[in-house]
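Protein chains: 2
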Amino acid sequence: MDSGSPDRQLPVTERTRHHRLREQGSLDRDQLDAILDAGFLCHLGVTVDGNLLVVPTVYGSDGSTLYFHGSVASRSLVASPAAAVCVTVTHVDGLVLARSVFEHGVNYRSAMIFGVPTMVTDPEEKLAGLRCLTEHAAPGQWDYARRPSRKELAATSLLALSLDEASVKIRTGAPDDGDSEDAQLGLWAGVLPLRATWGDLEPDPLLPPATEAPAHLTKRVGTAAN
Amino acid sequence: MDSGSPDRQLPVTERTRHHRLREQGSLDRDQLDAILDAGFLCHLGVTVDGNLLVVPTVYGSDGSTLYFHGSVASRSLVASPAAAVCVTVTHVDGLVLARSVFEHGVNYRSAMIFGVPTMVTDPEEKLAGLRCLTEHAAPGQWDYARRPSRKELAATSLLALSLDEASVKIRTGAPDDGDSEDAQLGLWAGVLPLRATWGDLEPDPLLPPATEAPAHLTKRVGTAAN
Chain A
1 MDSGSPDRQL PVTERTRHHR LREQGSLDRD QLDAILDAGF LCHLGVTVDG NLLVVPTVYG
61 SDGSTLYFHG SVASRSLVAS PAAAVCVTVT HVDGLVLARS VFEHGVNYRS AMIFGVPTMV
121 TDPEEKLAGL RCLTEHAAPG QWDYARRPSR KELAATSLLA LSLDEASVKI RTGAPDDGDS
181 EDAQLGLWAG VLPLRATWGD LEPDPLLPPA TEAPAHLTKR VGTAAN
Chain B
1 MDSGSPDRQL PVTERTRHHR LREQGSLDRD QLDAILDAGF LCHLGVTVDG NLLVVPTVYG
61 SDGSTLYFHG SVASRSLVAS PAAAVCVTVT HVDGLVLARS VFEHGVNYRS AMIFGVPTMV
121 TDPEEKLAGL RCLTEHAAPG QWDYARRPSR KELAATSLLA LSLDEASVKI RTGAPDDGDS
181 EDAQLGLWAG VLPLRATWGD LEPDPLLPPA TEAPAHLTKR VGTAAN
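As given, the protein sequences belong to chains A and B, one line each in that order.
Numbering-wise, full-length UniProt numbering puts 134 at position 134 of the first sequence, and it's gapless, one number per residue.
Numbering-wise, full-length UniProt numbering puts 126 at position 126 of the second sequence, and it's gapless, one number per residue.
There may be inaccurate statements among the hints.
Which copy? The list can't say, so a pair holds if one copy fits it or any two copies do.
To be verified - The calculated lysine to any residue pairs, modelled on SDA-like cross-linking and capped at a C-alpha distance of 25 Å, are: (1) K219 to L41; (2) K219 to A196; (3) K219 to W198; (4) K151 to Q184; (5) K151 to D182; (6) K219 to H91; (7) K151 to S180; (8) K219 to P193; (9) K151 to R131; (10) K219 to L187; (11) K219 to D93.
For the record, the hints were derived by calculation from the structure and aren't laboratory data.
Chain A with its partners taken away, still in its complex shape (with noise of 0.2 Å):
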């Protein structure tokens, strides 16, 4: 990969050193930042009363810090300003169809950040927090939709991570044994791309039928989601 100009390296540490697939591996900040813009669900590794968790949730990218959120009683979200974790963020562009089963893989892109997440309390922090995650996921929505009272803030937790341990692994274009004697074989191969697109609106049924949808939404539609 393209290492980048050095003032945008991730640093290496003892977690983030490539240790196979290196061809695959990067340390530029630019593709760990737009891995994450491309994205709004990420996998939270957290231990819980010596349980390891990965729980699917919702993130949002200041380009710094890392946020997340959930109801105060949630396991994952209590326990992990106490711990380490791993959030890893993929997207997956397609099948690579090799000549052999052995070189069949997947085009993706891949971030993880490892890091000690601390809870947000300050209550403008936590607004800005709560924003950019929500902006992250649904641009438009927070100047659109009624924003979080008192009360709900309250009940909301929202963590920050920060995003200065992380590492990135990218893997496009064909299979990789279009050179090997695999080649003779007569096989078709090549890759069966994945694409995730932003379907058409669907109106809650309870909205009375008048009611547009704002242009902030109706623009997504049909456009590429990562």
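Following the hints, position chain B against chain A.
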């Protein structure tokens, strides 16, 4: 959620009990199978040298066992047979756009599987597991592509994880605030669906131009991917 017939119920354990959002939780074995059948990429949570990692990896399921694999050099796979893991499979179906920011959410189908994986060493079982995994992600390719050689088999770690301890969560449908006082705000609310679709086949540039793609691949183009 519909909890299904009693004989298709997953057992409740300390880890699979739904602590919150019970209405989204399910112990229906058929729903677990459906979620696993609809995908091929999981997030494997494992502790390696004291570090929690969440690794995206390909899986296959035969309805009672989940298989996943990797190079024998992979850190996470070498460590995981010794330790309990959590494997999570998530399909994102759309953004839930409510009248209030607080009620925003995601429509999704997610399965979490807990257990201690075993390394598959018996050659016949290993071949069967790899076939399951390959056919799960890329149906038709096991019979079409060149199968693993003895050397390739030796270079692959295959892990098996029982599906006995698993938990399912699903959210579908409209936002929850259609009958709240926020409905008086006159805002649009509903769902922005996310569709995953297989795109047009991309032939390996190294392929002789006349090479035709097999029917088991061409028939997937344009179909739903989860």
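Could you figure out if K151 and Q184 sit no more than 25 Å apart (CA to CA) within one copy, between two copies, both or neither? Classified as between; 20 Å across copies, 67 Å inside a copy.
Homo-oligomer pair classification [R131, K151; C-alpha up to 25 Å]: Within. Shortest intra-copy distance 16 Å satisfies the 25 Å Cα cut-off; inter-copy 53 Å does not.
Which holds for K219 with L41 at a C-alpha limit of 25 Å: within a copy, between copies, both or neither? within (21 Å within a copy, 30 Å between copies)
Given a CA cutoff of 25 Å, do K219 and D93 count as a within-copy pair, a between-copy pair, both, or neither? both (23 Å within a copy, 18 Å between copies)
Should K219 paired with L187 be assigned to within, between, both, or neither, using CA atoms and 25 Å as the limit? between (42 Å within a copy, 17 Å between copies)
Give the relationship of K219 and P193 under a CA distance limit of 25 Å: within one copy only, between copies only, both, or neither. both (24 Å within a copy, 13 Å between copies)
Up to 25 Å CA-CA - D182 versus K151, copy category: Between copies only: 15 Å across, 64 Å inside.
Within a copy, between copies, both or neither: where do K219 and W198 come within 25 Å Cα-Cα? Both: 10 Å inside a copy, 23 Å across copies.
Between copies, within a copy, both or neither: which fits K151 and S180 at Cα up to 25 Å? Answer is between; shortest inter-copy Cα gap is 16 Å, intra-copy 63 Å.
Alpha-carbon proximity between K219 and H91, which holds within one copy, between copies, both or neither at 25 Å: both (22 Å within a copy, 23 Å between copies)
Should K219 paired with A196 be assigned to within, between, both, or neither, using CA atoms and 25 Å as the limit? both (16 Å within a copy, 19 Å between copies)
Every hint, counting from the list given before, is met by this structure.
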